[in-house]
Amino acid sequence: MCNSNIYMPYPMRVEKVTNEAPGVKTFRLNFINAEDAQQFTFKAGQFGEYSVFGTGESTFCIASSPTREGYIECTFRQSGKVTSALTNCEEGDTIGFRGPYGNIFPLDEWKGKNLLFIAGGIALPPMRCVIWNALDRRSDFKDVTIIYGARSVNDLVYKHELEEWKNRDDVKLVVTVDPGGETPDWKGEVGFVPSVVEKTAPVAANTIAIVCGPPVMIKYTFPVLEKLGFTDDTIYTTLENRMKCGFGKCGRCNVGKVYVCKDGPVFTYKQLKELPDEY
Amino acid sequence: MKRLHQIVSELLASGKAKLVIGYEKGTGEKRRPAFISDANEVERLVFDSQCSHNLSVYLTKPEYKHVTEIAVFATPQTMRAVVRLAGENQFQDKKLSFIVMDQDQNALLIEGAEVLANHLGKEKIALSSAQEELLAKFEAMSREERFAYWKEQLSNCVKCYACRAACPMCYCTRCTVEVNQPQWISVPSSLQGNFEYHIMRAMHMAGRCVDCGSCEAACPLGLPLNIITRRMIKDIEASLGPDIVSMDTKSVLNTFQPNDKENFIR
Amino acid sequence: MQTENYTITDSNLQQLLQALLSSGQKVVAPVRANNKVLFKEIKSASEVCSDHVQTTLSAKHLAFPRTEVLLQYKKTGKEVTINDFPFDAVPQTFLWGSRPCDAGGFAPLDGIFNWDSKDAIYNKRREQLTIISFSCTRHDDACFCTSMGGGPGNTAGSDMLITPAGNGTNIAEIITDKGKALFENYTSLFEEAMGADKEQYLTKIDKVFDTAEIKAKVEAFFESKVWKEQSARCMGCGACAYVCPACACFDIQDDKHGSKGSRLRCWDSCGFQLFTLHTSGHNPRETQARRWRQRVMHKFSYMPDRINVVGCSGCGRCSRACPADMNLAEHLEVIMKMEAEKI
Amino acid sequence: MENNIKVVAFVCNWCTYAGADLTGTSRIKYSSDVKIVRFPCTGRIDFMLLMKAFAEGADGIIVSGCHPNDCHYTSGNFHARRRWIVFKSVLETFGIDTRRIQFSWVSAAEGAKWAEIVNTTVERIKELGPYTEYRELAGVEAP
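Chains as they are written, first to last, in the working numbering: chain A, 1 to 279; chain B, 280 to 545; chain C, 546 to 888; chain D, 889 to 1031.
Honestly, the hints are just simulated from the structure, not real lab data.
Watch out, some of these pointers could steer you wrong.
In the EDC-like style, the derived pairs of lysine to aspartate or glutamate whose C-alpha atoms are separated by at most 20 Å in a straight line are [unchecked claim]:
1. C:K669 <-> C:D629
2. B:K416 <-> D:E980
3. D:K1014 <-> D:D958
4. B:K304 <-> C:E878
5. A:K257 <-> C:D661
6. B:K373 <-> B:E393
7. A:K142 <-> A:D108
8. B:K430 <-> C:E586
9. B:K295 <-> B:E348
10. D:K940 <-> B:E457
11. B:K540 <-> D:D958
12. C:K581 <-> C:E592
13. C:K773 <-> B:E303
14. C:K743 <-> C:D555
Sequences are here, hints too, so could you generate the full structure?
And the structure:
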């Protein structure tokens, strides 16, 4: 490993493309080289650099669970140069992936606890990885609650999985859309994520809260959780600063002395409070 | 200098200027931009023949865009840039004052870009003798020699974009070099990318360049960037008429004459 | 290895350079261009410039080029062939005539490219590089190497250090195995050490501050308005970062030509507004003041913390190159003199 | 070798493109070494498109649109003319070979003129040979 080019991506085959929401797609990627597939491992919370050859690399999380082996999945919204090129990829195309990078959600430490997942919009993908990871070892945890909000019904991602979670007895799922985003037959909640969290009032005792979403959602959700009795070391989130390398060299993603790509992307609220306001 | 400090103090006291962009003593004999909003710091300011930065560049930087009342020390180069920028509607929400030096090196206060425009001399910015010499040498070159010359020069360009940052007319919030859909300019600082960058910059300066020389002065590698703009201005004047810096002249590429003359379109 | 001392005459030094060139080795040395001095590959010993204080650009490009190909690809239908970096094609290179601060500038790069993941491409270039530095007999008012733990005759980072001792002689210090290998190839050009103390031949640069104190100070003043004051005149170009021997921030971009192309690593700068801009439009380092603070903190706090080396060798290039005269040493001095209540 | 040259023509939709169409329907034979790219107006043809064409393999370029006073959008070609005057000057400063760019006005009725423009341009470019001089600027130094 020492003498190999750390920028070499694994060639990956786009096996399946799922349209999740307007502009949002999920790719299932298979390793083209069998030996890559064999030696590749990752843990929930980690991310990678996905590349379209000729366009460049883009950073996002691995959205599938490490318990589902043999492939990885990623979900992205078309927004910049690389995600636009990815959007144009078809099943069968070859793209690049290097990773996994970053730290992990400490699932092992959470054994025996309740899990509360709170996600907004396109931030469900990083959470989906942990959710499936936790559900695949369901007996390790007590109550599992998922609160997910999006701008509109149309913008909800993983619609099939939301259905699947809804039908499970061992998962409590609350789905909400922003006021005005509901359809006539919408049966879920209407309201912003922080107020829905307050309304559903999950129990703070023996519970780990994992919050992912746009900065404004996070900003208003943390105080609600604190009000409900969550301590700042039981609240987890992921930061997503701009990155280029993924291993603490290119100099972009650091928040003060903390490198999001190495020390993150997973942080507790307690850790975040110690960081300067540069994320 | 006393008169200068008095003018600045009064501007700050009256609130006509919330920020003064002037010059102070820098490293060694250098003069450098100074930013003052506290009347107690006025003594720091100097304005003499060594002051050369075109301070108008700061007026469009995001950091100063929201400051409405600004006083700027203006050299003739700065004045030209301010007038062109005002002509491009960059100061619509600003109340600007200018401190200029008259022929006897006395500080003079001018309020408003319109007034400054009337104050502007018609004379061109003089090149240094070394620049004149280089330009003459360059004019004598064949096409192949010019290409070879820029190949050599641009091989040193590291694309630090100091020329762009120091140029008062480069105020776009998103420059062509940063547009990546499509990727107009090759990303690497390969020779081709460097040619593309400098050709693109020259084209975007057409009829807008105030010939202040900030780009060349800023280049850490000492690239002779004045050659590019000087030649362009000369050619534009030859085919499209005199290059007059004023508030109401439209820049060369924003307008046209039905009888514009050229000799190469068949 | 233990440093070994020898003497070498001016003419033998020329012969050593000539011998390297004649043997077909790649030699990079300071060369005059546009009234500036730059490190360029030379073909003849006469090209070398020796009457300069400092080159405009550092020598970092020899291990970390301003643009380099990390890999190449070729698309055929839905298939992509990826070609790895050609490690074997990296030529052995001799850097001739660098200053001790140039050589010292490689320590931060070594740290950045080797903490955690090892960057094999950088390491290969570094491995192939032999550094023959010349001690400084002159300096200018931008130099502050002594305050950064270096000095005009500092050996750290060089494989061989030549100190001009006047009268056509030089002190040659063989510092590393690479230096030793070079020495052993041309032993006959060297003579026994003359036993003179090299200090007397060096220029004197006052030590103004201490890196540990700077670290403590900049950390204490993170929220200070000093960053805004100092960066007021910063125009946001990348000159300081690009001339710096220790700046290693980079960008990764693809360069496409038809169905083929390459993935490139290019220099980047924390001073650029777009450096940290998210696609969403959010920018964690939105103002030039924040970007200036990042530059100083990265060099004097984060790097010492993370890789145990200060990200500055005191060469003063940034101060010389800055079109707005942002003088790093002066700014650090201001911070050093600040009292807690001035925040 | 010299048969392998590529000429790209950036033409306006209303005059030259129609003119080129007429060349075809009139069965006037002309060089097939030209690739036509249709634009709404010469005013739309950014100079960077020409730079990109050279970078991506064009050895010669034709830019052609409506005669002055005939612009479909009234003044697009007048603006374009000024742009080409400046662009030619800038390119000459940099020593870019401007013999490789042919600007012309070809109306919808000038099928024969289009054939003549293309043929003389292609011939000239063949004499000049491929524009490797510029393309060699691309690429990054080998390690």
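| request: Provide an ascending list of the numbers of those earlier hints which the structure does not satisfy. | output: Hint check: 3 fails alone, others pass.
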